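**Q** Work the whole structure out from these sequences, hints included.
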Amino acid sequence: MSAPENNEAGDHRSAASVRSLEVVTAAILFALGAVMIADSLRIGAGWNMDGPQSGYFPFYIGIFLCLSSLINFWHAIRDPETATESFLTRHQASMVMSLLIPTTVFVIVIAFIGIYVASALLIGWFMVRLGKFNLARTAPIAIGIPAVLFVLFEIWFKMPLPKGPLEQLFGVA
Amino acid sequence: MQEIQSLIGGFGVALSAYNLLLMLIGIVLGVLIGVLPGLGGANGVAILLPLTFSMPPTSAIIMLSSIYWGALFGGAITSILFNIPGEPWSVATTFDGYPLAQKNRAGEALTAAFTSSFIGAFVATLVLTFLSPVVAGFALKFGPPEYFAVCLLTFCAFVGMSHDPPFKTIASMMLGFGLAAVGQDSMTGTLRLTFGQTELLKGFDFLIAVIGLFGISEIIQTLEEGLSFRGGNGKIKLDTVLKTWRELPRYWMTSLRSSVVGCFMGIVPGGATPASFMAYGLAKRMSKKPKDFGSSQNPQVEGVVAPETAAHAAGTSALLPMLTLGVPGSPTAAVLLGGLLIWGLQPGPMMFVEQKDFVWGLIASIYLGNIVGFIVVLAFVPQFAAILRIPFSIIAPTILAICAVGAFTVSTSIFDIYMMLIFGVIGYIFKKLKYPLAPLVLAIVLGDRTEEAFRQSMLSSSGSLGVFFSNGLVGSLTVLALALFIWPFISQAMSRLKSPA
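As you go down the protein sequences, you meet chains A and B in turn. Position one of the first sequence corresponds to residue 158 (the numbering used here), numbered consecutively onward. Position one of the second sequence corresponds to residue 4 (the numbering used here), numbered consecutively onward.
Note that these hints are calculated values from the structure, not bench results. Check the hints yourself; a few may be wrong.
The list that follows gives simulated cross-link-like pairs (lysine-lysine, DSS-like), each with its CA atoms no further than 30 Å apart [to be verified]:
1) B:Lys-291 x B:Lys-246
2) B:Lys-246 x B:Lys-287
3) B:Lys-287 x B:Lys-501
4) B:Lys-205 x A:Lys-320
5) A:Lys-315 x B:Lys-205
6) B:Lys-106 x B:Lys-291
Chain A regions said to be covered by chain B (calculated; three or more residues, Cβ under 8 Å) [stated by the list, open to error]:
7) 216–228
8) 234–243
Small disclaimer: the values here were computed from a predicted structure and weren't measured. Backbone N, C-alpha and C define an ideal beta-carbon position, used for all residues, glycine too.
**A** So this is what it looks like as structure tokens:
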């Protein structure tokens, strides 16, 4: 699938080439295959009294993964196009990061402040930073959506989600 | 005709007020999911699956499958009005659908798309009604070698039918099998690939993988492409609908051809997306004016009819192997299969004997669901299209939050939310590098059972692969699988011979 060219203003220089990503992906998959082979050999990849051992099937899966990754690796370094083709431009990279960083923070803080407060903060952050909304318009939406989720899950479906100090304060945790 | 009788019984099950209400909710949610970027059939169903744990299984699957039908309908709306395929199988619909909308013929294109979707689904449901009892009866005789051969066929079909590089398909698939192997070995209880981590003991749940791979990755991609939604007016007038309906019988041949392509690609797991492209290509090749297909001057309604019919037919018929063999033909069918297992039903031929009410209730609900869906989308297109006017800075974090909630509820584990994010990043990179995601997901779902079938076969033959050729049935399945597997290499070699570069 060829992504449509980004028309917005921004840095169009390449942040990473397709080749570098291809090579890294193939290498990681090869390593995973090697881990599978090693672990299968550890628990036994052959036969014992009651038939094939636990590592019998994953052993071959590991071999196939390693072989196909080698071929993908070979294709990536041989194909001249992959060196010049851009995986993503600097502008795109900054867009992706502007999503990934707050999402990572969101996922990490769920364990401490609960999923509802974390969601409110995530929505608020996106609206103010990316959507350029002012606080007066942001607050009702950022608080409203988690509130709807709260009613839906805690009350309607009786399915408790992670909660934090705020919910404790209200005595609902 | 015993099928007709069973089907009437099925309508009796599906036609309760409660089930019809769930169907309507499912369809509306499904269209929403289809319209919104970042939510698709597979991960939409995966997120909502935990909410159905307490429902009776028949009602649960009616709601979840209705979400799927809704999503199939919804994908066409954004393709035609905004040139944004809400779902991958609607990409081919944009070729003629969007130019039609630009020429103020959006109503016509939408009516044609919905009607074709409906027809495709209807044909596929007929196939499902009459073919699945036959396949199920056949499958009752299956032993482990036959079951393994069917799985092999499924996975080889991905290599043979997909346009993605074959070795990337294989790598993606093997990664899925590897992830499936993590945790306790179901046959001996030995711990595999856990490295002493307690979080890994229960293995990777494929629902988490689906939410990450399809949901999170799509949001990342949408943002990266810097979408701006500028679209036509989606209001459909009644006389446009009637006028389009009068025109549509002209394309009966295209509809029929696309339905056949779709049903075939759904049963052999090629999937809805390749089916839609294949049907579009065929319609273009067979047409008297192939140059007008996808042109901005004279876009063809037929170019909307073909992919929509095929996609919907494929999406529906993907349930056939899932119900009769327990081998899903698409990621969404795989998620539904996961649901069946959670509700305590064992998909496969025995279900047609032991769970008649469930199976026929589901099949009857597909007929009803598509009628309901057809009416809902025709009537409320502008409302659904208006959703895309909500700024992405509100939609994106909301969908992220819903994905996190969905991942957590699968087994009430916060660790799963971390895994979801990691799968999201993997999915984004894989998609951009053309590593297909569907075989990865299916391998996670089918991994354990494929392995079990393989080991049982090996046990019975004391390690000889000859067991997969030991009788006509398993032999032909294996040969067909191997033929599909080597097909891309043969066609590559042939094209290289033809044009020595």
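**Q** Against this structure, judge whether each hint is valid.
**A** Here is what the structure says about each hint:
1. B:Lys-291 x B:Lys-246: holds, 22 Å
2. B:Lys-246 x B:Lys-287: Holds, at about 23 Å.
3. B:Lys-287 x B:Lys-501: At roughly 24 Å apart (the allowed maximum being 30 Å), Lys-501 of chain B and Lys-287 of chain B satisfy the hint.
4. B:Lys-205 x A:Lys-320: With Cα atoms ~24 Å apart, Lys-205 of chain B and Lys-320 of chain A stay inside 30 Å; holds.
5. A:Lys-315 x B:Lys-205: holds, 25 Å
6. B:Lys-106 x B:Lys-291: Roughly 22 Å between the alpha carbons, so the hint for Lys-106 of chain B and Lys-291 of chain B holds.
7. 216–228: Held - the region 216–228 of chain A has 7 residues with a Cβ nearer than 8 Å to chain B, which meets the minimum of three.
8. 234–243: With 0 residues in contact (Cβ-Cβ under 8 Å with chain B), the coverage given for the region 234–243 of chain A is violated.
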